[in-house]
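There are 2 protein chains.
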Amino acid sequence: MSTAHTLNLDSLQQQVLLPGTKGLALKSALQQQDIPKQNWNVLNADTSFPVAVLKQTALQHNLAWMKQFCTRMQVVLAPHGKTTMSPQLFDMQLQNGAWGITLATVNQTLIAHRFGVKRVLLANQLISRSDTQAVLALMQADPSFEFFALTDSLDGVERIATQVQQSGITRRLPLLVELGFAGGRTGCRSQADALAVARAIHQSPYLQLAGIEGYEGLLVGKHRDQDLLAVRAFINDLVALTQQADAEGLFGGEHILLSAGGSAYFDLVGRGFETKLQLSRPVTAILRSGCYITHDHGFYHHLLHEMQARESTVDEDNLRPALEVWSMVQSRPEPDLAILTMGKRDASYDIDLPFPVQTHRPGKTSASIDLPAGCKIEKMNDQHAYLRLPKDSAICETLQVGDLVACGISHPCTTFDKWPLILVVDDEYQVQSAINTFF
Amino acid sequence: MSTAHTLNLDSLQQQVLLPGTKGLALKSALQQQDIPKQNWNVLNADTSFPVAVLKQTALQHNLAWMKQFCTRMQVVLAPHGKTTMSPQLFDMQLQNGAWGITLATVNQTLIAHRFGVKRVLLANQLISRSDTQAVLALMQADPSFEFFALTDSLDGVERIATQVQQSGITRRLPLLVELGFAGGRTGCRSQADALAVARAIHQSPYLQLAGIEGYEGLLVGKHRDQDLLAVRAFINDLVALTQQADAEGLFGGEHILLSAGGSAYFDLVGRGFETKLQLSRPVTAILRSGCYITHDHGFYHHLLHEMQARESTVDEDNLRPALEVWSMVQSRPEPDLAILTMGKRDASYDIDLPFPVQTHRPGKTSASIDLPAGCKIEKMNDQHAYLRLPKDSAICETLQVGDLVACGISHPCTTFDKWPLILVVDDEYQVQSAINTFF
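Taken in order, these protein sequences are the chains called A and B.
Residue numbers 13 to 451, in our numbering, belong to the letters of the first sequence in order.
Residue numbers 13 to 451, in our numbering, belong to the letters of the second sequence in order.
The set of hints was computed from the structure by calculation and includes no laboratory data.
Computed from a predicted structure; not experimentally measured.
Virtual Cβ for every residue (Gly too), placed ideally from N, Cα, C.
There's no promise every hint is true.
[Unchecked claim] Chain A regions said to be covered by chain B (calculated; three or more residues, Cβ under 8 angstroms):
no., segment
1, 172–184
2, 354–368
3, 404–412
4, 418–432
[What the hints assert, rightly or not] Computed cross-link-like contacts, DSS-like style, restricted to lysine-lysine with a CA-CA straight-line distance of at most 27 angstroms:
no., chain 1, residue 1, chain 2, residue 2
5, A, 130, B, 376
6, B, 79, A, 39
7, A, 234, B, 388
8, A, 234, B, 391
9, A, 376, A, 49
10, A, 234, A, 388
11, B, 376, B, 49
Build the full structure now, drawing on both the sequences and the hints.
Okay, here's the thing in structure tokens:
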């Protein structure tokens, strides 16, 4: 990874980590930049347990993979920063060609800007007066800061126009109209409604119509065939809306932004946006996948396998899971049960419980052992996990108190927000550095 | 609330909050101690949204209520600090007579000690060498720091004895034997096993048998009658084990610690521990409820209602829900659907989704409106909640984009860990101060 940073990460390197920092076993204060000198190895149990780790090789692979994917599809990436909220990871994403960072809230935007992010797509609307004032003040104070937000109603346009007017800011606020679908989340429910919103933005002296946006990632149902039809139809609708708004001359930026794409169907979005749009100005097609950077062992793992089956450019060597949570066996109270030192405070539980992958008896020389099929985290309390072992299997005999257990996770977003600091490790689990998160 | 603090909270008051601090809408840096001067009111939408608030009156009520409960039951309280991990709340608990703070991990212990907590009951075992070394170093460095941990196996006793020996610490490490039950979590599965562990502790020159511990709070099943029988039987087992260990002269402290009690059945624990134990030395009966301090609108609300039915001292004016998450209506895309600016990043979803309680159109003069029955958060994404409104109800007409929605939560532990800073409000939702959490 390059050492020339795009963002200002010095304050993070210089910060002092105190005893109690989750994931570390500190006896005294330590500057973050001194972590690499500690010679910590997870397999040697030098950290605290639980500990969350990012596998550097997988991370680098995923960054390069997505860069190549976007180049091939002729789209740009504004990765959703809410996944990680990590300045160091934002930096890696920007160094790998990201167009900007997508965020979900004004406070996330303020944090990203603090570390030097200069282009933010807020994949949400500006609603609250105080939040809106905070971000408009930032735009006023930093003319180089580009900020885009969504809107999905005429009311919303009026509210935001009033707030921009009251702020006294001299540049127009660029907005994307959000198209949704029946039964979905936010977003106009029809092309007609969306066009009306686009016209209202165009007519306001305080606003600028920057583009069209949608989010197809919610179309994950029980019947994937139907999901895929719905996703393709929705992307076509986004394209059609963009053409219509352009035909009416509503867009106000140098480029027309056209954005969709979570981590489930970004291939379909890429393919859908490939349509050679004959518009009045250049189109910037923006994917927003956030989870690709670490991928996972569950939800996105399955979705990517499906993507591989339908998209020839997604080859065997696709995204790799980079995020693991390691804990220790705390108790072996019953022959087929191990209680681990991790729980809801440490790993995602919103889509799947963590996936136990391997075990390791602390010591650099002992070998890690893949856990056999049938090993399963069957429950988590706040600070405990219940690892059920296959009855009468060899692992029932061998797994001891003090053994390490590595778990993969499903849905990175809800693991990242449990770790203010995550260790970056090499292929031998030697600790190389740390990244910070801001939730 | 008294202003004389037991803990060292000055560093928190003096810390500088930067723009981006979740819950606040800051345009510039602000010292935490200046929050009361800002004249912020949640009902006036002066904060960011979502925002988590603690209702001061309910908090004070709960602190006083539990203090009185413990006095009546002749038990002491070591509230589980993992619930809140908040030094300011620990301070309030200690000022209200708490015997110490219960914690779940060594890192939580190090954080509590940093702010001046001098007595910690670790409701878990010391397993990892590096974590154990960190806490033993603390005991060595601060002779006034009292620390107790659990163990549930002969292996565990041997491991910890070796670690204490290697640390060179001169005082014995006080341990409680954990009794469990079949199908439960940690803890010896029989009195015989527990006694064997107690004897091993007694025999070690590095350890001291400080007491007996169990956790009945997991016995929440589908048939409460059976749960209650199991809880009572388990508490009897704890008492019997304590008597047996004392008869063998295994305890080594001045007092014998006898501890159980989560937030579900602390009345039964209190009653069960009332047995006038004729032992060789005084018994300190310790409850560990953590959630009482904020209570909730769901899980514990229901359990307390049951408690009220069976325990005459739990009167009508019992624990009150103190923790709410306020968000804003971001979109009204369909007649009976409102999308709120909060999600899995902001409120508990592990037991129940949040409970929408009331709505308020920003402005101090408008009145809050209780949401009608049938209003329900039916889903949350990372940063969005789906508030379903009863079809064709009046609220479908009146609820607008920009309206505030207050939600109660179920299971405080998994809301606290989403908020590094929580605002404390008076009965009019005027912001009085803030507390910090350390996860």
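Hints that the structure is at odds with (numbers, increasing): 1, 3, 5, 6
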